[in-house]
Structures are given as structure tokens and as C-alpha cells.
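Chain by chain, the residues:
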Amino acid sequence: MELRPSDEQQLLIESFAALYAKESPSERVRAAEPLGFDARLWEQLVEQGSLAMAVDEDQGGWGASVLDLALVAELHGRALGSAPLIEGQTACRLLARAGGGPAAGLLADALGGERLISVALRAPRDGVAGLVPAGAVATDVLALVGDRLVAVPTGDDRVVPENAGSMPLADVPVGDGVGVTLVEGPEAARLLDAALDDWLVLTAAALAGIAGRAVEIGVAYAAEREAFGQKIGSFQGVGHRLADCATRAAGAELLAREAAWSVAEHPARSAELAAMAFAFAAAAARDATDWSLHFHGGYGFMLEYDIQLYYRRARAWANVVLSPKAACRRVADLRYGRVGPR
Amino acid sequence: MMDFRLGEASDALRERFRPFLEEHMTRELEERLYRTGVNHDDGFTRALVEEGWMAPGWPVELGGQGLDPIEMLTVSEELSRADAPTYGIGTTLMVATVIRAVGTEAQQAAVIPRALAGEIIIVLGFTEPEAGSDVAAATTRAVRDGDEWVIDGQKMFTTNAQIGDYVFLLTRTNPDVPKHKGLTMFLVPMDQPGVEVQAVYTLSGERTNISYYNDVRVSDEWRIGGVDEGWATMTVALQAEHGAGFAASIARLLAATEAWAVEATDEEGRRRLDDPEVREALGRTAIDLEVSRLLQRRVAWMAETGLPLATEGPMSKLFSSEAIKERAQEMVELVGPDALRSYFDPTAPSHGMIEHLLRYSVGTTIYAGTSEIHRNMIAQRGLGLPRTR
Numbered sequence: 001m002e003l004r005p006s007d008e009q010q011l012l013i014e015s016f017a018a019l020y021a022k023e024s025p026s027e028r029v030r031a032a033e034p035l036g037f038d039a040r041l042w043e044q045l046v047e048q049g050s051l052a053m054a055v056d057e058d059q060g061g062w063g064a065s066v067l068d069l070a071l072v073a074e075l076h077g078r079a080l081g082s083a084p085l086i087e088g089q090t091a092c093r094l095l096a097r098a099g100g101g102p103a104a105g106l107l108a109d110a111l112g113g114e115r116l117i118s119v120a121l122r123a124p125r126d127g128v129a130g131l132v133p134a135g136a137v138a139t140d141v142l143a144l145v146g147d148r149l150v151a152v153p154t155g156d157d158r159v160v161p162e163n164a165g166s167m168p169l170a171d172v173p174v175g176d177g178v179g180v181t182l183v184e185g186p187e188a189a190r191l192l193d194a195a196l197d198d199w200l201v202l203t204a205a206a207l208a209g210i211a212g213r214a215v216e217i218g219v220a221y222a223a224e225r226e227a228f229g230q231k232i233g234s235f236q237g238v239g240h241r242l243a244d245c246a247t248r249a250a251g252a253e254l255l256a257r258e259a260a261w262s263v264a265e266h267p268a269r270s271a272e273l274a275a276m277a278f279a280f281a282a283a284a285a286r287d288a289t290d291w292s293l294h295f296h297g298g299y300g301f302m303l304e305y306d307i308q309l310y311y312r313r314a315r316a317w318a319n320v321v322l323s324p325k326a327a328c329r330r331v332a333d334l335r336y337g338r339v340g341p342r
Numbered sequence: 001m002m003d004f005r006l007g008e009a010s011d012a013l014r015e016r017f018r019p020f021l022e023e024h025m026t027r028e029l030e031e032r033l034y035r036t037g038v039n040h041d042d043g044f045t046r047a048l049v050e051e052g053w054m055a056p057g058w059p060v061e062l063g064g065q066g067l068d069p070i071e072m073l074t075v076s077e078e079l080s081r082a083d084a085p086t087y088g089i090g091t092t093l094m095v096a097t098v099i100r101a102v103g104t105e106a107q108q109a110a111v112i113p114r115a116l117a118g119e120i121i122i123v124l125g126f127t128e129p130e131a132g133s134d135v136a137a138a139t140t141r142a143v144r145d146g147d148e149w150v151i152d153g154q155k156m157f158t159t160n161a162q163i164g165d166y167v168f169l170l171t172r173t174n175p176d177v178p179k180h181k182g183l184t185m186f187l188v189p190m191d192q193p194g195v196e197v198q199a200v201y202t203l204s205g206e207r208t209n210i211s212y213y214n215d216v217r218v219s220d221e222w223r224i225g226g227v228d229e230g231w232a233t234m235t236v237a238l239q240a241e242h243g244a245g246f247a248a249s250i251a252r253l254l255a256a257t258e259a260w261a262v263e264a265t266d267e268e269g270r271r272r273l274d275d276p277e278v279r280e281a282l283g284r285t286a287i288d289l290e291v292s293r294l295l296q297r298r299v300a301w302m303a304e305t306g307l308p309l310a311t312e313g314p315m316s317k318l319f320s321s322e323a324i325k326e327r328a329q330e331m332v333e334l335v336g337p338d339a340l341r342s343y344f345d346p347t348a349p350s351h352g353m354i355e356h357l358l359r360y361s362v363g364t365t366i367y368a369g370t371s372e373i374h375r376n377m378i379a380q381r382g383l384g385l386p387r388t389r
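So the protein sequences, as listed, match chains A and B. The opening residue of the first sequence carries number 1 in the numbering used here; numbering runs sequentially from there. The opening residue of the second sequence carries number 1 in the numbering used here; numbering runs sequentially from there.
These are calculated hints, taken from the structure and not from any lab test. Fair warning: this is a prediction, and the values are worked out from it, not measured in the lab. Among the clues, some could well be false.
Unchecked claim - To give an idea of the interface, some chain B residues facing chain A are shown, with a C-beta separation under 7 angstroms as derived from the structure:
no.: 1; residue: Met2
no.: 2; residue: Asp3
no.: 3; residue: Leu6
no.: 4; residue: Val236
no.: 5; residue: Ala286
no.: 6; residue: Met315
no.: 7; residue: Leu385
no.: 8; residue: Thr388
What the hints assert, rightly or not - Here are the simulated EDC-like cross-link-like pairs (lysine to aspartate or glutamate), alpha carbons at most 20 angstroms apart as the crow flies:
no.: 9; chain 1: A; residue 1: Lys325; chain 2: B; residue 2: Glu326
no.: 10; chain 1: A; residue 1: Lys325; chain 2: B; residue 2: Glu258
no.: 11; chain 1: A; residue 1: Lys325; chain 2: B; residue 2: Glu330
no.: 12; chain 1: A; residue 1: Lys325; chain 2: B; residue 2: Asp275
no.: 13; chain 1: A; residue 1: Lys325; chain 2: B; residue 2: Glu196
no.: 14; chain 1: B; residue 1: Lys181; chain 2: B; residue 2: Asp228
no.: 15; chain 1: B; residue 1: Lys181; chain 2: B; residue 2: Asp215
no.: 16; chain 1: A; residue 1: Lys22; chain 2: A; residue 2: Asp306
no.: 17; chain 1: A; residue 1: Lys325; chain 2: B; residue 2: Asp274
no.: 18; chain 1: A; residue 1: Lys325; chain 2: B; residue 2: Glu277
Unchecked claim - Some chain A residues close to chain B (C-beta under 10 angstroms, calculated; not the full set):
no.: 19; residue: Gln9
no.: 20; residue: Ser234
no.: 21; residue: Arg248
no.: 22; residue: Ala326
no.: 23; residue: Ala327
Where is the CB? At the ideal position from N, CA and C, for every residue including glycine.
Just need the whole structure built from these sequences, with the hints factored in.
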């Protein structure tokens, strides 16, 4: 057993931590709202190889492990990066698995920064992929239409709704006959399911990052703010909640890292662990942001304080694709098999 | 390279230990433990000693196997999985560990070989009627009389005192100094005038005791550690317990509910396992199990690696005990009326394990430090918050 990142991973963490410190301070997160996209941060992330990392070397990438990606995703969560890091990585990995001419071309463009490709992880309804993460800023969206995995160029017909998390979401029309077919048949659904696993495990890491950072913000405030002549952190009603949140944040980080590690090292469990990690990290981030905000008193409710940014992203990232409850049921599906038709 | 496996040595050890447990943890023994509420069995202990599993973490020259912390975790995971009677052994070895650290040569020679041979049972006398979580508030008095001490007082939850040979007693030797500075510890033989044991039955079915000490005389030779230095001795004892966790109980709850969900049907004949609500609860329980395991394994890995432990042990105990309590309650509500059927009802789902775990879970957030004590430790030592009051 070894729970410390390797020296190489430590360097990776340091380089991305420096990038986020420079390109994603809270002023920049605020400035990117309400759309929730910071073009310069995105440029820097692509330039630093965050997409190339996600793809094997023989496909033009750097072949980093999913665990490496998760360590970066934790930092992304801690900094609330206003850029579709995880969607971009998930789409690139999906294109790499799909193979074939059109997919290879799209992948090369994505890695080169010429296109921004996202993926609709939920089944479209009535010809529309709803609330596609990064759909508002993507040039192309990958979607499962019937039994076809298609790449759909986005256009003026997409609708960009304002939303709780200030995420660049869009309702994207993906009706019959639109876009280029990448894969057809049962393999298409299987590929999209694998993409969902990627997204779940990396988003779990990001949510663990949110939870950890929210605890730090709450602790810093509770150690400073006084009421009734004492630091509020000395009240058990405050300290005990923060201790619970810190415990869950630690568990969320361990589980997200285990799930990411298992992709290469214990693939038989990796899908189950991805869903587990997501559900647990979502709850940890939900509770940590809630209590941390609450302990700010009225200030926590003011938009001026950063904790509200974490509160909103925690909920948005945790519900935009698969709710934590649905993730628990996905765990059951993977353990016991899906419920068949009656 | 990061690695979440316990490793090959651990896997091999598990393979080596499992046949022992399969042979000795019989259904009959399980029922006897359940019926008596006594978490100790002489036959099982003898078998452990004979096959070298009594104190595998101890050095070979003292009768152990010299296992490292990860291997020890593996052994204790297997013992917990089998629900083996180890409580009496656990307290005995904890005290042996303390005596090895701070005891005199004569004390070590008298206690350690017999403890590791399973010949004696040592029980813990820390808690008092007015001193639970605040254990340093103990008022049991010890007064020096020549080469002896005279002890008067009362201890709560002296589990296994009815079969114990010695009690490891926390006493007050100086009432005139701050509470942590006037404590002294003794190893007191139970079989002597003035020691009385009264049974106490608990919600989990476990039998524990109140023990009384009236003018009990103990030689100064049985003082463990310095006079008025009992708190330092206690700290050694409490550290030996780091990293408790209840993953095995959560695993048992999960398995029991899974077995029920496969068998049971609703009014329309549908398998309960196919109910989305049941699936969500099982998924959530599997998640809590995974997190409990990770938090507990992290403690063993840190000990093995020599990393300083801060709040990892309290996090493991706090999380897993709160989780088993919450999930057991949830499972009872999910299963419905039949969940109320007890262990000895042959129609009870999963042998009544769900009902048993509900009652068992209640104690886990209380003993070995309440959740509040662990939260205090995490808030102060881990988060650096001011002392909570």
C-alpha cells in the first residue's frame, strides 16, 4: 500500500497548482460568471497538456494515468476552474476509443486547441441533448443518438440557459441525421458508458477538491471570527460539524483516488468505484459547502464571500449528469446487474 | 507508485489465516457467544495460542510472528469478519503492551509470557460512574500504606471482570493537584477480598460489569509506571488502540441486507432487490463500507510507513461508527416489520442479523471515546481550531 503521490505526480500537482493559482483566483472565477467560461484559463490548460495527458501516446497524447488526471481534477475543484477540463478530457478519451477517420480528425483538432469538444452523457430527449456540460462553449458535442455515437457541430440553434452553478451548459439539438456518425451498433452505447465512468471518477476528484477547500475556508473563518467573546471555532456546534466535514472530505479524496487508481490496476472494480466515489464526494462537497457557508453567518449569504461560489458549483457539478442518488443505484447496477424488464 | 492494495504479504497471510477461522469459528461457538454476551472463549483462545495467532504483532522471541502494521490489520480484518471473540484477548494484550513499554523487569516477566500464552485475562478499569469521556476525572482512591496501596472506589463497564484475573486500574493518588497530575495505575489481582463484580447487561446483548474496590490492598510492586504519572501510562494504553474501525460490521450489515433483498418479495411478488429504493440503500451502504475500509487502512499504512499519526485514527473510528449506526437504522426501515425479528427466531431475515446490528451499532459511537471526543480531537489537532468547550 502506498497512498502518497509519486515524485513525478508531485511535480504534476505543483505545476497545475501554480497554473490554477495564477489563472483561476476567485476574481477570475467571478469575472467568468454567469457563463462560467474563462477562455484564457482554458487556453493555458490545453497548452499545459491537460487534454494530451488524457490520451494514449499512440493517439497523439501523453498517456498519463487516470490517477494523474484525478490529481489535477482535485486542484480544478479546489480552484473552481471555469473551464471544461473534465468534459474535454472525457470527450478526448471517448474519441480515442471510438477510433476511425472522423474521430481521429476530431481528436487531433481537440488536442491542438482548434476545437473544443464536449460530450452529452445523458440520452437526448425529443432530439435535444439537455444541459450538456460545456455545451455553451463547445464547437462540437458527442452524443448517443439511437444506437449511433455522433459528433454534432454546435450552432445558433443551441439554447444556453442561466443556471445555479454558472456552468456553460446548453441544450443542443442532436436530432436524426445531424452530425457525423463515429460508431454504430451496441458498441456505441458501451463507449458512452465508459465515458460516463471517466467523467464520474474525475468529477468525484473535483468534488473532493471542493469539499477539502470548503472545509479550509470554514476553518479559517471560524478561527478568526468572534462571538460572545470567543472565537466561534471554539464552540462545539461549529467545531464538531467542521470535524465531520473534514472526515468526509478525507474519505472522498481517498475513495476518488482509489477509483482513479483502479482504472489501470483493478479494472474489474473501476466502474463501481467511480460511481461510489462520485456519490460520496458529491455528498461530502454538499455538506462541507453548506456548513462552511452557514458558519459565515449572514456574510456567507452575501455574494461577496467566496464560499457561495463553492456552494453553487458543488451542487451543479453533482447534479448536472447523474444525481448522487442515481449514482448509488448505479453502484447497485454494477454489483447486482441491472433490473431486467418485467 | 500509489497502490491501494494491502500487498502480496497481506494476501498470503489472509489465505493462511482463513482456514484457522473456518475451523474454529463454528456456528455453535457463534451461538454461545451470542447467548452469553461474553466476548471471550477459552477454547478459541487456546487454539489461537497453539497455532501462533494469539499475538502475531509481537516479536518472534516473545511468542509472536513479528507482523507489521499492515499484516496486523489483515489479521484483525479477518477476526472481525469472522466475528471472533477477541475482546478479552484485546484488553489483555493492550495491557501487556503497556507493561512492555513502562513496566519493571519483574512485571514484564510475570505478565507478558502468561498473557501471550492465553493463561490470564486482564480487564480495563478506567471508566467510573462520574468519569466516562472525561476519564482523567477518576476518583477511585489509592493511598500508600508502607509497601502497599489501599484502593477504594468503583469502576464502570469492566467488561470480562467476571472472568478476569487482573484489572488494570486507573486511580487517584493525589487529589490536590490538577486532575491529570494526580493519577497512578496498578495491576490488581481480581481474586481477593474487597473486589466485587456486578453484572450489567447492555443493548447489544453484551454482558459487562460494575466492579467495586473496598480496602483492596495491592503491593507497590504492581504499580505500573510512576506515582502520579498515571496519565502518561494511560496515553500509552490509548495509543495502542489507534485506528479502530467498524468496516467489518458494515460488511455484515450489507451482506445480511443483500441476502434479504434477494429472497424477499413485495405484495406483487417482485424481488425486493429490484426496488430502486432498496438498490439505492444497498449502494450507499457499499460506499460507506469502502470509505470505512480506506480510512482504517490509511491508519495502518501510516503506522507501517512511520508517518506521524494526527487525526487519522479518530476519523476512522468516528466515520465508521456513525455510518454503521445510520445504515443499520436505514436497513431496519427498509426491510420493515420482519427486521424486528431477533437472532433466535428461525424465520428472521438473515438470521436476525439486521436486528442485532441495529442494537450493536448504538454502542459503537459511545465506547472507546464517544463521537464527541473524536470530533474534539479532529477539530483541535487536525483543523487547528481553538479548544472546544
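Results of checking the hints against the structure:
no.: 1; hint: Met2; in the structure: holds, 5 angstroms
no.: 2; hint: Asp3; in the structure: holds, 5 angstroms
no.: 3; hint: Leu6; in the structure: holds, 6 angstroms
no.: 4; hint: Val236; in the structure: violated, 25 angstroms
no.: 5; hint: Ala286; in the structure: holds, 6 angstroms
no.: 6; hint: Met315; in the structure: holds, 5 angstroms
no.: 7; hint: Leu385; in the structure: holds, 4 angstroms
no.: 8; hint: Thr388; in the structure: holds, 5 angstroms
no.: 9; hint: Lys325/A x Glu326/B; in the structure: holds, 17 angstroms
no.: 10; hint: Lys325/A x Glu258/B; in the structure: holds, 18 angstroms
no.: 11; hint: Lys325/A x Glu330/B; in the structure: holds, 15 angstroms
no.: 12; hint: Lys325/A x Asp275/B; in the structure: holds, 14 angstroms
no.: 13; hint: Lys325/A x Glu196/B; in the structure: violated, 54 angstroms
no.: 14; hint: Lys181/B x Asp228/B; in the structure: holds, 6 angstroms
no.: 15; hint: Lys181/B x Asp215/B; in the structure: violated, 23 angstroms
no.: 16; hint: Lys22/A x Asp306/A; in the structure: holds, 17 angstroms
no.: 17; hint: Lys325/A x Asp274/B; in the structure: holds, 16 angstroms
no.: 18; hint: Lys325/A x Glu277/B; in the structure: holds, 10 angstroms
no.: 19; hint: Gln9; in the structure: holds, 7 angstroms
no.: 20; hint: Ser234; in the structure: holds, 4 angstroms
no.: 21; hint: Arg248; in the structure: holds, 7 angstroms
no.: 22; hint: Ala326; in the structure: holds, 8 angstroms
no.: 23; hint: Ala327; in the structure: holds, 8 angstroms
This entry does not satisfy hints 4, 13, 15, going by the numbered hints stated previously.
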